[in-house]
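Colleague: Work out the full structure: start from the sequences and follow the hints.
Protein chains in written order, with UniProt numbering: chain F, 1 to 466; chain C, 1 to 466.
Just so you know, these hints were derived from the structure itself, not from any lab. Note that the coordinates shown come from a computational prediction; the quantities given were computed from them, not determined experimentally. There could be a bad hint or two in this list.
Identical copies look the same in the list; a pair holds intra-copy or inter-copy alike.
[What the hints assert, rightly or not] Calculated pairs, DSS-like style, for lysine-lysine (alpha carbon to alpha carbon, straight line, at most 30 Å):
| hint | residue 1 | residue 2 |
| --- | --- | --- |
| 1 | Lys124 | Lys395 |
| 2 | Lys395 | Lys185 |
| 3 | Lys187 | Lys338 |
| 4 | Lys395 | Lys187 |
| 5 | Lys339 | Lys294 |
| 6 | Lys59 | Lys395 |
Number of protein chains: 2
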Amino acid sequence: MERTLIKDLRDHVGKTVTIMGWVSVRRDQGKMVFLDIRDATGSVQTVVLPKSPALDTAKELAREFVVEVEGEVSARPAQNVNSDVPNGDIEVAVSGIQILNSSETPPFDITVDTAALNEEVRLKYRYVDLRSERMQRIIRLRSEFVHACREFLHERGFVEIETPLLTESTPEGSRDFVVPSRLHKGKFYALPQSPQQYKQLLMAGGFERYFQLARAVRDEDLRSDRGFEHTQIDIEMSFVEEGDVMRLIEEMVVQTAEQLGRHIAQKPFPRFTFADAMERFGTDKFDMRTEEEKINGALSFAWVYRFPFFEQAPDGQWTFTHNPFSAPIPEHAELLLKKERIGDILTAQYDLVCNGFEVGGGSIRAHRAELLRATYEVMGHSPEEIESRVGHMLKAFSLGTPPHGGIALGVERLVMTLAGEEHLREVQAFPMTRGGQTSVMSAPKELSDAQLQELGITFQKPPRHE
Amino acid sequence: MERTLIKDLRDHVGKTVTIMGWVSVRRDQGKMVFLDIRDATGSVQTVVLPKSPALDTAKELAREFVVEVEGEVSARPAQNVNSDVPNGDIEVAVSGIQILNSSETPPFDITVDTAALNEEVRLKYRYVDLRSERMQRIIRLRSEFVHACREFLHERGFVEIETPLLTESTPEGSRDFVVPSRLHKGKFYALPQSPQQYKQLLMAGGFERYFQLARAVRDEDLRSDRGFEHTQIDIEMSFVEEGDVMRLIEEMVVQTAEQLGRHIAQKPFPRFTFADAMERFGTDKFDMRTEEEKINGALSFAWVYRFPFFEQAPDGQWTFTHNPFSAPIPEHAELLLKKERIGDILTAQYDLVCNGFEVGGGSIRAHRAELLRATYEVMGHSPEEIESRVGHMLKAFSLGTPPHGGIALGVERLVMTLAGEEHLREVQAFPMTRGGQTSVMSAPKELSDAQLQELGITFQKPPRHE
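Modeller: Listed below in structure tokens is the structure:
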């Protein structure tokens, strides 16, 4: 279709063009009609003059009708210029209108801030909400940010590799979402909580520099900043120490955030050991911004590192604090192997915080079998349990796995800080409701009896109260 | 860590460097040892001379040990130059070796073609297989190809938008993988077979140009070119006709394939109506290559379009041939609305074929509610069934959805043709076995009783045969 984008109209003053888009506003003045037309690139005022052949059609239009408008672009007379809006110095004199689709009255007004709307209505009609200036801006910002990170990583020789969705449970992770197998009735795949083991296996596979925009799925209780699904920039590198990973990530975050016009409060990012952070801030997710920096929308990043590897439950049982696949810091490897002073062992874990959010976390991994085995022994696992949980990783480590480490950055959390938003639903196109219901569509729902039978599944009927 | 990449060694002749990588070959000549060292960027011959302090360590090494090697790069004397291999004109005289990890004897030899190996062994040790020259090349090719497509689309104003994994069943699709909900016991999410409805809703949402590298998951019988999971370059555009989409995709495919050094047999791609293709080739997935083009590895693309919209079952029931959300071609819209000459109605569907594979397919969609409703009526659905299956889409179409269309290109199929491979497992890092088992890890597997209970699931016990 022949079409001029609204952002380019100013290059066509004096010419006849065809624009396509939505009717944002219609002002009917009887003899003439003003229409604000919007496309993905901008907005412009059009006018249907008294003698225009399009006047009858213009009178049929309402908000959110989709139209093709033909007309001549003209500079507005000086007294009509509105310098407060884009394209406020031009208008289009309409000679023809074709209705491409009509619209019922929209369920809410998208010209005001939709964030405060009732969640259920807003997400049922998410496609209307997405037309608002704010949602357009945030979803496009997300796309630009992710693309800038990809460019950065590709330029540095990283290979983007996809890992499976249908996989095995993550040992000691959060609660998995599971997928029943039809071919192997009674058995389940798990959806990945992260590609942790696959990315380490890619290091065993000799790729040295891997990344992926990986979807992570966790059956956790929903909060404003945590959904069932999120996306992480998942990175792993071989032949590196913790400083190498931290430097690279810092460079990527600074470069992409500044490319998007954001101000970073402090460079290089301050680094705090976990012990220092707790002493100074009382938390490892702290916000260092001054009031002025908050007002100016500055991003305040910091690294926290050298976390305790293990913590002890009241019953004496040790468990890892962050990730069982992490390595101890090199000078504590002997303590781990000898299982001495467990509570003192520090892990080569580093978290990135921004404005009080944890936006990323990673570590140098154990790459020798004896270290991973010792970690599981500290946590009280028998040799059989260890083999069953991580036997394949121990095997990989005994077949030439290089030293390696990496990080995962939370895309939603980063875009939230870039956009100054506090809710996950503002940065995902189709978020779930707080009740775990999909936007627009109606899932979860019941399966047919045939589907259940094919999977061999029955349900425990709840007791009936009649 | 300070390190010189093997690809850069030739810039360091006469200097002492540190390289890190794997021992590909060790040749022990008693007084001296030759080691071929490999990293992700290349391979080089090193020599441990009789007086080197590293000689004892060199004698401990075996294939696939991971090492850090210090030594001086030197040009080989003319008579020792091997011009058949990269870096055949230099070698490294080793002064120090540090073992970063040892390796047991690998389960198979990665210096020969691993494609012919027993599948079970190969995928159990996929991380060893991935070190082979061929797998490195293909997985890196996939990353480059996808990145080139992304660049192409970003340059043209496309916005990359992620859509949910936990969603509703696709109406009339293949068999879904489903995910039981813990919050809503007895109900299920479905994993997406494609983001078909979401991408249309993004057009309703005003994005105009969307793409996503989308994971599609289908519980279909496994074949050499079809797995449970595949990735598609999923694209949707507003205010377009079929020619607009076909031209853009053709430009992207030509540009990216040529950028990767591939030869395209015929440009512009020939176009055949479905009727012409069937008459000429007897199939709509044809291979037009001459013998010479096959030998030279040329890519032979063609478009097939104007498919029949519906086909009739022996019982008289009509069903769609490709996609219920497609539009009829504009001149057949009246036939569909009046439900006349159903078998003659053509749909604005276009498939891209390459070397006998279908590598993509798409269509202009119905964007007016009455057309989608008529499609479902032709298929014999009652008003209630239509509301339950696609009521949310009909609602979106009545709230200002623009004309739109798009396509999905199969990443694995395209990479297979680019790499000259015939099996899906050659182009995925961690494919499933033909029996639906994961690479390296052991899924699917049974859940614990606690997990089953949390989901409220029980299994029909199969009858016991004792």
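Colleague: Out of the numbered hints, which ones does the structure contradict?
Modeller: Failing hints, ascending: 3 and 5.
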